[in-house]
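Enquirer: Sequence:
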Amino acid sequence: MSEPLVIIGNGMAAARLVDEMAKRALGRYAIAVIGDEPRLAYNRVLLSSVLAGETTSQDIELRSASWWRDRGVTLTYGCAANSIDLSARTIHLANGAAVPFSKVVIATGSTAIRLNVPGADLPGVHTFRDSRDVDLLLKLAREKKRVVVVGGGLLGLEAAYGLAKAGSKVTLLHLMDRLMERQLDAPAAALLKRLVESKGIEVLLGANTKQILGEDTTQGIELSDGRVIAADAVVFAAGIRPNVTLAKDAGVPVNRGIVVDDQLRTGHADVFALGECAEHRGTCYGLVEPAYEQARVLADHLAGRPAQYTGSVVSTNLKVSGVSVFSAGDFLGETDTDTLVFNDERRGTYKKLVVADGRLKGAVLVGDTQDALWYLELIRTTASIEAIRGDMMFGRALAQPKAA
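Note that full-length UniProt numbering has the sequence shown beginning at 1, numbered continuously upward.
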């Protein structure tokens with residue numbers, strides 16, 4: 001008889017885990033997936049494309065209903081898991097149902113952070129995190145609303161681009177002195193800012209939100225320096241927080257995220273966590289690729305194979321506000337590193353490679369990212385680049401023949 005395995009969360013991490021499990025141990029587990037969003041799992045990275053009208057909600061679904069069915073998965077979506085009873089090995093759902101489990105995987109992702117400022121609870125203040133948020137923001141765009149987006153990281157830039165392309169007048173506020181400061185160095189961020197502004201988005205850096213103005217509805221934002229920006233709506237996209245409430249209430253050890261070991265196991269032997277809600281060796285990864293790496297390791301472990309997750313080389317490879325951006329590894333360059341830089345502002349292209357001890361340690365690309373995966377492979381494998389150092393800035397096609 002198949003062992004009951006319940007996955008709480010119906011996002012990208014959960015879908016990848018089911019895919020990996022089907023390849024390794026099809027039929028060993030009776031898998032049930034529980035998600036609170038009222039739809040099939042989808043590619044969250046492409047939400048801004050839906051907002052911009054470049055694709056549809058249906059087009060970003062990861063798998064069809066028949067795909068889940070063919071793998072024997074019992075899929076429940078549009079219904080949240082309210083609690084986990086570890087002693088009774090039962091998950092209680094919002095609809096009153098109780099789901100038994102032998103093993104449970106928590107893949108609840110993250111929630112958007114709402115800034116704790118006066119006016120944050122006014123009508124017209126939104127977040128940008130899931131498909132339900134996109135539906136609300138599309139309505140704003142259709143009404144040609146003036147929108148202020150708070151946050152100049154990945155989420156904020158995606159929201160600003162989508163809203164602007166959909167028809168809104170958008171101002172983007174960012175607290176730091178450069179956009180995407182966790183992924184880009186100063187020159188790359190400056191180029192990105194110029195390219196974003198060329199799309200009609202006003203960008204204000206060093207902008208600290210003091211309060212949201214209005215009584216019955218949002219009228220604008222006041223900054224700590226006294227500036228006031230008129231707005232019909234405000235979108236918070238200033239970061240994410242691991243969604244750990246379910247685990248914490250069940251007595252599963254939690255720090256910032258749900259604490260897991262190298263097999264993605266929590267403090268309870270049959271409870272696992274992966275993706276944005278998990279904390280491994282003190283790190284919570286807010287990106288997709290680490291979640292996929294974790295899913296492969298967890299699938300191996302659940303299939304009875306030896307497996308160990310030792311952490312991920314953090315990389316970003318996305319089209320942000322219509323601009324291709326990539327960064328990986330030590331892109332700032334620590335002591336005893338060399339930096340190779342190519343900057344063509346006229347064509348909107350910037351490349352920076354960080355080298356140390358004959359190895360590629362980090363990279364930043366803006367505009368031209370066609371060789372991003374090759375650079376990432378060199379960083380992850382720590383392969384020697386001595387033979388190609390002079391040519392690698394110009395891409396794989398030119399550099400690799402000399403490396404042979």
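Some clues are possibly wrong.
To be verified - When the alpha-carbon atoms are kept at most 20 Å apart in a straight line, the in silico EDC-like pairs for lysine to aspartate or glutamate are as follows:
| # | residue 1 | residue 2 |
| --- | --- | --- |
| 1 | Lys103 | Glu3 |
| 2 | Lys103 | Asp249 |
| 3 | Lys210 | Glu197 |
| 4 | Lys145 | Asp177 |
| 5 | Lys103 | Asp135 |
| 6 | Lys145 | Asp133 |
| 7 | Lys199 | Asp368 |
| 8 | Lys145 | Asp135 |
| 9 | Lys319 | Asp59 |
| 10 | Lys103 | Asp232 |
| 11 | Lys319 | Asp225 |
| 12 | Lys144 | Glu181 |
| 13 | Lys169 | Glu3 |
| 14 | Lys169 | Asp232 |
| 15 | Lys139 | Glu289 |
| 16 | Lys23 | Asp232 |
| 17 | Lys144 | Asp225 |
| 18 | Lys23 | Glu197 |
| 19 | Lys319 | Asp249 |
| 20 | Lys145 | Glu197 |
| 21 | Lys319 | Glu289 |
| 22 | Lys144 | Glu202 |
| 23 | Lys145 | Glu202 |
| 24 | Lys144 | Asp232 |
| 25 | Lys144 | Asp177 |
To be clear, the hints were calculated from the coordinates, so they are not data collected in a lab. Owing to the predicted nature of the structure, the values given are computational and were not obtained by experimental measurement.
Enquirer: Work down the list of hints and note, for each, if the structure agrees.
Expert: Structure-based check of all given hints:
1. Lys103 <-> Glu3: holds (8 Å)
2. Lys103 <-> Asp249: Given pair Lys103, Asp249 holds - Cα atoms ~18 Å apart, limit 20 Å.
3. Lys210 <-> Glu197: violated (24 Å)
4. Lys145 <-> Asp177: violated (27 Å)
5. Lys103 <-> Asp135: Distance of about 35 Å is beyond 20 Å: violated.
6. Lys145 <-> Asp133: holds (16 Å)
7. Lys199 <-> Asp368: This hinted pair holds, its Cα atoms lying about 18 Å apart.
8. Lys145 <-> Asp135: holds (14 Å)
9. Lys319 <-> Asp59: holds (17 Å)
10. Lys103 <-> Asp232: violated (47 Å)
11. Lys319 <-> Asp225: violated (32 Å)
12. Lys144 <-> Glu181: This hinted pair is violated, its Cα atoms lying about 30 Å apart.
13. Lys169 <-> Glu3: It is violated: about 53 Å lies between the C-alpha atoms, which goes past 20 Å.
14. Lys169 <-> Asp232: OK: Lys169 and Asp232 at ~10 Å, within 20 Å.
15. Lys139 <-> Glu289: violated (31 Å)
16. Lys23 <-> Asp232: violated (49 Å)
17. Lys144 <-> Asp225: violated (28 Å)
18. Lys23 <-> Glu197: violated (45 Å)
19. Lys319 <-> Asp249: violated (38 Å)
20. Lys145 <-> Glu197: holds (19 Å)
21. Lys319 <-> Glu289: With Cα atoms ~15 Å apart, Lys319 and Glu289 stay inside 20 Å; holds.
22. Lys144 <-> Glu202: Since the Cα atoms of Lys144 and Glu202 sit roughly 16 Å apart, the hinted pair holds (cutoff 20 Å).
23. Lys145 <-> Glu202: holds (15 Å)
24. Lys144 <-> Asp232: holds (9 Å)
25. Lys144 <-> Asp177: violated (29 Å)
The structure fails to meet hints 3, 4, 5, 10, 11, 12, 13, 15, 16, 17, 18, 19, 25 from the earlier list, while all remaining hints are met.
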